Amino acid sequence: MVTDTHPTLPEFDYFRPESLQEASAFLAQHAGEARPFLGGTDLFVRMRDGALVPRYLVDVKHLEGTDELRFDPQHGLTIGAAVCMNRVIASPEVRRVYPLLAEACRSVASHQLRTRATVVGNVCNASPAGDTIGACLALDGVLNVHGTGGPRQEPLSAFFLGPGKTKLQPGDIVTSIHFPLPPLGCAGTYLKLGRNRLSDLSIVAVTVLAAPDPGLPSGCRFRIVLASVAPVPLVAAQAEEYLANRPVTSDSIAEAARLAGAACKPIDDIRGSARYRKSMVKNLTEKALTAVWNQLHP
Amino acid sequence: MTLTVGQSLIRVDAEAKVKGKAVYPGDIEMPDMAYMKILFANRPHAIIQRIDVSRAEQLPGVLAVFTAKDVPNNEYGLISPDQPVLCGPGSNKAHADHVRFIGDQVALVVAESEAIAVQAISLIDVDYADLPVVSDPREAMKVQSPRLFPDRDSNVFGHYRIRKGSIENGFKNADVIVEGYYQTPVQEHAYLQPEAGVSYLDEEDRITVVVAGQWVHEDQEQIAHALGLPLEKIRVIYPAIGGAFGGREDMSVQIVLALATYRLSQKGIRRPIKIVWSREESIIGHHKRHAYYIHTRWGASRDGKITAAEVELIADGGAYMYTSTKVLGNATLMCTGPYEIPNVNVDSYAVYTNNIPGGAFRGFGGPQGAFAAELQMDKLAEALDMDPVEIRERNILREGSLLSVGTPLPKGVSMDKVLEACALKAGWVRGARGWQRPVVNQPEQANKKRGIGFACAFKNVGFSFGAPENCWATIELRGKEEIDQAILYHAGAEVGQGAHTAFIQMAAEALGLPFEKIVLVASDTAYTRNSGSVSASRMTFMAGNSIRGAAAQALEKWKNEERPAVATYQYLPPRTTPYDPETGKSEPNFSYGYVAEAVEVEVDVETGQLQVINVICADDVGKAVNPQQVQGQIEGAVVQAAGYGILENFLQKDGLSLTKTLSTYLIPTVLDVPTRVESVILEYPDPIGPFGARGMGEMPYLPFVPALVSAVHNASGCWFDQFPLIPERVLEGLSS
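The listed protein sequences derive, respectively, from chains A and B. Counted the way my numbering counts, the first sequence spans residues 582 to 879. Counted the way my numbering counts, the second sequence spans residues 2 to 737.
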């Protein structure tokens, strides 16, 4: 263990476990005072601000399975917890099969930061503004978690409980995120509205993924996820259902966008007012739905 | 013909800066160095009842803790010494126990390491009795408002009046009258290098402060004043400086570093002391561009001649005076624009509040004044169904025109030529009905609308309104038959603008020597004499004239076979005079630069986002000493002004800052800056400028925001009387 005395960070002990078992045991034993960490891009800022004062930081980046980025044409994509976003963006399979994920990663902060920041870290932070979370939800991501009881899986659909709050328990380490093969012929987009064009968090952001589905009255299944407008990344379920049940027209898209705007519960903060956010959800959702629909029907 | 002046020579500091070898204050390491940290008040208005430093003093590794009682003469300030060096009881100045803004400094800790100093700061106990917070200058002006200074009878600390002609007649003769209420925002300098410095006793036992500033001799004077020491006991040196923009005109770490060295030396401790501010400390620790509240009414006759302008300006001075009265003086002159108006009334006020002090920032009151003046012009043009360039040309200041303060401009007025050059370049055409705005090509997307706007401005060069103005240079010529080397001693600061390269180019030109033969010794009070500050676009002008004078005299001595031939010269520009208290009549400035700007913008009507597509900035610089550096200044000023106009949103609530970091206060990134900036460098010589040069570092900043707002209006039909034009504000405007 090394003690860090950098004056701008509170003191903490750095722990580098040898195995997942050791890591889980340590984290469980020091519940409330130990945190796993990956890129640290969010964690260190919050520690420097005094918002988080963990006694132990448990480095899990070298542990089994955290470094792999693997695509299997039968089963899908697995991204290890320690894989930085720039690696995800650079992967030919991700670009070919999961372009929405690459697009979302590219919108995060700056190139320099993305050499440290990870998709799993972004998900585990559970910020309502997390740029990659919408894509992960729309692509039916599942987390591989190692806990004191051994390995298990956590689907993202039920993972987020509140800002910074998830279903993870003391002792849990997310080792990777897995995505099944995306639906055949799908298309997606991530529209992010920030105060500037590089590096800021979103004022609002909208993820849309759509795929042909002959079983639906509309013939197309839409996924819509909204960022920065609720305590958790918000799936606009009502809008999705509305679109599923009737022919897709510019009118039905506009109505779905209205429903998405109505479903969100934004707050006023330094990046924008609740009112502006609500109206932007509507505008951006309409724009994203239209863009994706046009991609599917060129 | 000039040989060296006028060439884009490579900057003398380029290689060191590109390679990371240039030494900035924070890079300096000395043997046996101790570290300092400052306890900031972090509350906007209070009386300090008690400070207990005993726990901090007892922490192992702490060398000393200093408070108000340790400051020999506990006051400072550039215009008026209204600010305690350290706030707290036991001081020799009345009311120095008052905290008036969050960045007031309360105690200093010097320790073996920065970490120990940080820890010791947290062990200092301070009892505050909070006072009511005054955060709106319009409220602060009222008699019933709580006062920041118990010994003053009002929070208003500056007031100017202009009375020219008859405002009643002016409005009587007007066919249209336009009234506007404008607000301009606070802006943070956000220079790359946060405040830092090192202090020590030099070989002659002078208290030596190595720091980034804008005027070594003023720093020296302020330190000496607060320490109650003679000037020659203080030495100030500037190493490489990471930007300034006016934000380093006032004191930050200068006095406290010197104080710590002084007091420690009295205890027999003679160790260098270093301090580096974090970004958060920098943002609360130095002043900001003033917020202005402007109410104005202008009248014009049907033929587009302005008949009257009435303006009330209120500047939020924040907690201390800094340079507010001087900034106000400029705004008072600039708020009626570069136009000849027969009837003018201006009343301007600078007011204390518990906000972070307002102070110098590129443009120095000009941007605020220009915003109101240029929007009034645009609105008059609209009311008269006249082109915005046409109405400007009909009223523009020309050779011999009388300013609002009743006197003519100095000779060399080129505003009309600058306006024409910019308008033509931006696609305006002169037809039968006069100037006509180009029709902007609209993008295919239905949610995008484009427009083009125009504005112009003038900016003083040099200190104004009777402020003492002069600049010294010394030149030493070495060699036997031929001059082998010329040493130029000059105090002028290189804050990143390229001043030192310009000094050397001008010295080479004046001496008839190659650039390489000039050695510059700069910005050290031990070797150089007073140059005045790098501010007011003055340094090229003032330094150039002082260098020319020194060069002529040194060459004369060289001819008379003096070896080395040394000459020291003080340049004194034509005198200026202060505002007459009743009428404002004055000779405000001895030189001006003239600028016009056209901005093309794309408005996203769905989100309210703006993208600046193209900026054309025409500047009469008299003579471009180094054209590449001039272009750099134009582009830099445009980018900084674009931040001011679109993005930068400094928020304060009840005297507290809501934007203390660069993740909450955003400045433009490379993706946010205007897509294209075209610099049009014009050279109509200033009759008294060195080689004809005018100062130009500020003027490209002034017309940007009004030209932007004009472009947004052209695109959308909406006026915006407040900025920054953040998407939310734009969208609200579009939907109302």
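Derived by calculation from the structure, the hints in this document are not laboratory data. These numbers come from a predicted model, not from an experiment. Incorrect hints may have been included.
Stated by the list, open to error - To give a feel for the contact side, a few chain A residues facing chain B, derived at Cβ under 8 angstroms:
(1) 688
(2) 776
(3) 778
(4) 780
(5) 781
(6) 848
(7) 851
(8) 853
(9) 861
(10) 864
By construction, the Cβ of each residue, glycine as well, lies at the ideal position given by its N, Cα and C atoms.
Hint check results:
no.	hint	result
1	688	violated (12 angstroms)
2	776	holds (5 angstroms)
3	778	holds (4 angstroms)
4	780	holds (6 angstroms)
5	781	holds (6 angstroms)
6	848	violated (14 angstroms)
7	851	holds (5 angstroms)
8	853	holds (6 angstroms)
9	861	holds (6 angstroms)
10	864	holds (5 angstroms)
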